[in-house]
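So the chains spell out like this:
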Amino acid sequence: MGEHDAGRYQRQIPLLGVEGQERLRRARVLVAGVGGLGTVVAACLAAAGVGALRLVDNDKVELSNLNRQLLFIPDDIGRDKAAAAMEKLQLLNPEIRVEGINRTIDDKTVDDLVKDIDLIVDALDNFTTRFILNKVAFSRRLPLIHGAVRGFFGQAATLIPGRTGCLKCLFAKSPPGEIFPILGSTCGVIGAIQATETVKVLTDIGEPLANRLFLWDGQSGEGDIIITKRNPQCVICGGD
Amino acid sequence: MKITIRAFADYREFIGKEMQLDLPEEKTIGELLAGLGESYPNLRREMFAPTGELKEFINIFINGRNIAFLKDMATPLADGDIIALFPPVAGG
Numbered sequence: 073m074g075e076h077d078a079g080r081y082q083r084q085i086p087l088l089g090v091e092g093q094e095r096l097r098r099a100r101v102l103v104a105g106v107g108g109l110g111t112v113v114a115a116c117l118a119a120a121g122v123g124a125l126r127l128v129d130n131d132k133v134e135l136s137n138l139n140r141q142l143l144f145i146p147d148d149i150g151r152d153k154a155a156a157a158m159e160k161l162q163l164l165n166p167e168i169r170v171e172g173i174n175r176t177i178d179d180k181t182v183d184d185l186v187k188d189i190d191l192i193v194d195a196l197d198n199f200t201t202r203f204i205l206n207k208v209a210f211s212r213r214l215p216l217i218h219g220a221v222r223g224f225f226g227q228a229a230t231l232i233p234g235r236t237g238c239l240k241c242l243f244a245k246s247p248p249g250e251i252f253p254i255l256g257s258t259c260g261v262i263g264a265i266q267a268t269e270t271v272k273v274l275t276d277i278g279e280p281l282a283n284r285l286f287l288w289d290g291q292s293g294e295g296d297i298i299i300t301k302r303n304p305q306c307v308i309c310g311g312d
Numbered sequence: 017m018k019i020t021i022r023a024f025a026d027y028r029e030f031i032g033k034e035m036q037l038d039l040p041e042e043k044t045i046g047e048l049l050a051g052l053g054e055s056y057p058n059l060r061r062e063m064f065a066p067t068g069e070l071k072e073f074i075n076i077f078i079n080g081r082n083i084a085f086l087k088d089m090a091t092p093l094a095d096g097d098i099i100a101l102f103p104p105v106a107g108g
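Which chain is which? The protein sequence lines are A and B, in order.
Take 73 as the starting number for the first sequence in the numbering used here and just add one per residue.
Take 17 as the starting number for the second sequence in the numbering used here and just add one per residue.
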């Protein structure tokens, strides 16, 4: 780590240690979805010095994204989200490697997308794809940082193969897709929590949201924890 | 038997953050929720379809387990159970 790096991270090295910072630098994180959650998580992780970020989204930037997708500006409208985000993150932190991949995450593409990845961030907007990501995370034994938002509400959980249940232990079905109402700051809260969880898992510092579901109620300004248990009969991770 | 219901997000508006109930007899989660619907019409409107069925995708956990992986609405309640009710949140 050069002097330049040390300067950039000098305010977090007292928290993470030089070893922790090095772990971030060596880490390769997949951010699945580059929208309200994904742009926030990716920006936090880029700023924190995660050495390699792989951003995946199949969509283009739209005007209505700009109330919350903080890496995009009006000139980005019509551009691929993955490319536009990659460009901004690289400007934010030239020291790290950022890949922007315009691709739909499905059963056919997911295996390649998680190649050489150490941790997956779920910044998706539907459970069908979340379950695909969950399945590959648990078969490859990769930590999966779950997040979801709607309106003033959000939720987050850290799923660690071998230590916790998986997403399918918690949620049974995929709600139908919808154009969901959402405030940017809700994405800010949950995205930042997901980034914090990512840093904690990569550096082994603090206590991750393991076997816990964090529920955020922005309307009342309250955060709550539900203690969760794995499903011993889970089709994905049961018997793990 | 004593059970605790913790409500989150919109559901808090209708039944408050947490309630403790002392049930005189054995009940399933379905029976409990139907009873709550009787006592709290706003909750009933929010959680139940006009047909009387619980709306799909509402999250109902008992002691940290989604009832979909227990016996669903037929899951029997036991003394000390903690029920969590929270709305589906899926955006990103």
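Among the clues, some could well be false.
Straight-line distance between alpha carbons at most 27 Å, and here's what the computed DSSO-like set of lysine-lysine pairs gives [as the list claims (entries may be wrong)]:
hint: 1; chain 1: B; residue 1: Lys71; chain 2: B; residue 2: Lys33
hint: 2; chain 1: B; residue 1: Lys87; chain 2: A; residue 2: Lys187
hint: 3; chain 1: A; residue 1: Lys180; chain 2: A; residue 2: Lys272
hint: 4; chain 1: A; residue 1: Lys160; chain 2: A; residue 2: Lys187
hint: 5; chain 1: B; residue 1: Lys71; chain 2: A; residue 2: Lys272
hint: 6; chain 1: B; residue 1: Lys43; chain 2: A; residue 2: Lys180
hint: 7; chain 1: B; residue 1: Lys87; chain 2: A; residue 2: Lys301
hint: 8; chain 1: A; residue 1: Lys132; chain 2: A; residue 2: Lys187
hint: 9; chain 1: A; residue 1: Lys207; chain 2: A; residue 2: Lys187
hint: 10; chain 1: A; residue 1: Lys207; chain 2: B; residue 2: Lys43
hint: 11; chain 1: B; residue 1: Lys43; chain 2: B; residue 2: Lys71
hint: 12; chain 1: A; residue 1: Lys301; chain 2: B; residue 2: Lys33
hint: 13; chain 1: B; residue 1: Lys71; chain 2: A; residue 2: Lys180
hint: 14; chain 1: B; residue 1: Lys87; chain 2: A; residue 2: Lys245
hint: 15; chain 1: B; residue 1: Lys33; chain 2: A; residue 2: Lys207
hint: 16; chain 1: A; residue 1: Lys301; chain 2: B; residue 2: Lys18
Simulated from the structure, these hints should not be mistaken for laboratory data.
We went through each hint and held it up to the structure:
{"no.": "1", "hint": "B:Lys71 <-> B:Lys33", "verdict": "holds, 21 Å"}
{"no.": "2", "hint": "B:Lys87 <-> A:Lys187", "verdict": "violated, 38 Å"}
{"no.": "3", "hint": "A:Lys180 <-> A:Lys272", "verdict": "violated, 31 Å"}
{"no.": "4", "hint": "A:Lys160 <-> A:Lys187", "verdict": "holds, 24 Å"}
{"no.": "5", "hint": "B:Lys71 <-> A:Lys272", "verdict": "violated, 37 Å"}
{"no.": "6", "hint": "B:Lys43 <-> A:Lys180", "verdict": "violated, 45 Å"}
{"no.": "7", "hint": "B:Lys87 <-> A:Lys301", "verdict": "holds, 16 Å"}
{"no.": "8", "hint": "A:Lys132 <-> A:Lys187", "verdict": "holds, 24 Å"}
{"no.": "9", "hint": "A:Lys207 <-> A:Lys187", "verdict": "holds, 14 Å"}
{"no.": "10", "hint": "A:Lys207 <-> B:Lys43", "verdict": "violated, 35 Å"}
{"no.": "11", "hint": "B:Lys43 <-> B:Lys71", "verdict": "holds, 20 Å"}
{"no.": "12", "hint": "A:Lys301 <-> B:Lys33", "verdict": "holds, 22 Å"}
{"no.": "13", "hint": "B:Lys71 <-> A:Lys180", "verdict": "violated, 33 Å"}
{"no.": "14", "hint": "B:Lys87 <-> A:Lys245", "verdict": "holds, 15 Å"}
{"no.": "15", "hint": "B:Lys33 <-> A:Lys207", "verdict": "violated, 34 Å"}
{"no.": "16", "hint": "A:Lys301 <-> B:Lys18", "verdict": "holds, 21 Å"}
When held up to the earlier numbered hints, the structure conflicts with 2, 3, 5, 6, 10, 13, 15 and fits the remainder.
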